[in-house]
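Starting from the structure of chain B, add chain H where the hints point.
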Amino acid sequence: MELDTGAAAWVLASSALVLFMTPGLALFYGGMTRSKNVLSMLMMNFYCMGIVPLIWALVAFSLAFGAVGNGGLIGDFDFVGFRDVGVGLPPGYEWLTIPFILFAAFQLTFAVITPALMSGAVADRMKFTAWALFVPIWLVLVYTPVAHWVFGGGWLAERGALDFAGGAVVHINAGAGALALVLILGPRRGWPREAMPPHSLPLTLLGTGILWFGWFGFNAGSALAADGVAASAFMNTFLAASAGMIAWIGVETWKAGTPTTLGAASGAVAGLVAITPCAGFVGGMDPIIIGFLAGVACFFAIEMKFKLGYDDSLDVVGIHLVGGLVGSVLLGLFADLDVNPAGADGLFYGGGWSLLGEQILAAVVVLAFSFGVTWVIVKVLDTTIGIRSTEEDERQGLDLTQHAEAAYNLADYT
Amino acid sequence: MKLITAIVKPFKVDDVKAAMKDAGVAGMTVTQVQGFGRQGGHTEVYRGAEYTVDFVPKVSLEAVVDDDDVERITDVIVEAARTGKIGDGKVWVTDVDRLVRIRTGEMGADAV
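Residue numbers (this note's numbering), protein chains in the order written: chain B, 13 to 426; chain H, 241 to 352.
Any given hint could be a false lead.
Here are some chain H residues pointing at chain B (derived, C-beta under 8 Å) [claimed, not checked]:
| # | residue |
| --- | --- |
| 1 | Glu284 |
| 2 | Tyr286 |
| 3 | Arg287 |
Residues of chain B placed beyond 12 Å of chain H at every Cβ, according to the derived structure [what the hints assert, rightly or not]:
| # | residue |
| --- | --- |
| 4 | Ala20 |
| 5 | Ile86 |
| 6 | Gly100 |
| 7 | Leu218 |
| 8 | Ile222 |
| 9 | Leu320 |
| 10 | Asp357 |
| 11 | Gly384 |
Hint data in this document are derived by calculation from the structure and do not stem from the laboratory. Since the model is a prediction, treat every value here as computed from it, not as a measurement. Ideal placement from N, C-alpha and C gives every residue a C-beta, glycine not left out.
So that you can see chain B by itself, here it is in the shape it has in the complex (with noise of 0.2 Å):
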């Protein structure tokens, strides 16, 4: 089609909203660390800005974006090396009216968050050099195949599965890989015998901010057009976010009597994550019961780390995995055609459980698929290279160990 100018300014500035998550990201994060490990964990985030656009052009992206509407498994070698990735469309993109190499690089911000997200779970023990290997494999072997069956035509989406930004490419996918990461790294040592506070909340309440800021890219940009459907998800992401702030702090206070800001951050980031993938199809006051139900159920899935023993550091299973999980089955019921026609009718609004069982059968796919393969890379990485700290590193701290640095240097002498 036409380029649109429009929709190229939006998409333009949404990349860029997009790829400030991730600075958001390692602040959100950052700040639930203890202070010896805050630029460890910067580091991780920081990283994947660095690692991962030059993966996405060199192979990622043709991986993810070849063979446009093949219905298969995985793209092609097309665009490798950013081939063909110019102003002008290729075919199977003549739909799209930006670009195309601003949807390249709309999609590449995608790609950088989605595996730092998991970095918050190996939080404090991983090696910065496993993970600086683990990141580039990750992001080709199982988000590239992941983001073709979704959002490049792939198999899921022939079969109708939805996912409007990613709750299912990025947020159950990276989840689930968070799962299969820390179940072979194993607890922080002292977990959860001693006690490991966040050391500076109001980075996580900053980082939380630029989050939800950044979001507006997120979704409203998925649109990839600055029209009604992009409006639509952009109030969606708001309300949502709100209902979700609003559900944890309500629920922790029925259950431990006072609100915390942790908590505020965590619902509102609760509700941005079951939002994701149905913000550009549902309405009306849809998007405040999930933000809803995404709080109450983040809010309890964070226990389940206690109960069945996993150190999932910074709780990435249970707010992007279960909050991933939410929002993808509860478009099944809440999407709805009146508000984007290029969507379709969820169970509430006449059409038939069709959309809900696509969802539920994408939403497990991707949970095994990323589960299955991210244990088996992560299995290799500490059978070679080994992926744990040692205790010596891990007692004294990774910023020290792993980068020679510190955080906060607070006293002028030495």
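Chain H in isolation, oriented as in the chain B frame:
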């Protein structure tokens, strides 16, 4: 000469400092410290996980004074720091054998 050490609640530091200055104390050293006494620690909750924090933040004030002033200044500190609630802190006094003012080399009581 004696060293007076007072462990007080952080929000009482300004009151204690002012009272000590009014009582003629010419200098002091203040340190943020953590510890516990009868007050014990407190509980913090992060995402539903409860942690017991044993050490409570306090402020330690130290001043060296003349033998004659010890009792008066100790009383002033106790009065300024007291809230009557648990956790008000403690004051103790120790002997100082030798004291030198670095700039002038003055020794003993002259250096107070």
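Hint check:
1. Glu284: 6 Å, holds
2. Tyr286: 6 Å, holds
3. Arg287: 5 Å, holds
4. Ala20: At about 41 Å from chain H, Ala20 of chain B clears the 12 Å cut-off, so the statement holds.
5. Ile86: Consistent with the label, Ile86 of chain B stays out of reach of chain H, its closest Cβ about 37 Å off (over 12 Å).
6. Gly100: Since the minimum Cβ distance to chain H is about 49 Å, Gly100 of chain B lies beyond 12 Å and the statement holds.
7. Leu218: 17 Å, holds
8. Ile222: 20 Å, holds
9. Leu320: 14 Å, holds
10. Asp357: Correct as stated: the minimum Cβ-Cβ distance to chain H is 37 Å, above 12 Å.
11. Gly384: For Gly384 of chain B, whose nearest Cβ neighbour in chain H is about 28 Å away, the distance exceeds 12 Å, so it holds.
Every hint from the earlier list agrees with this structure, and none is contradicted.
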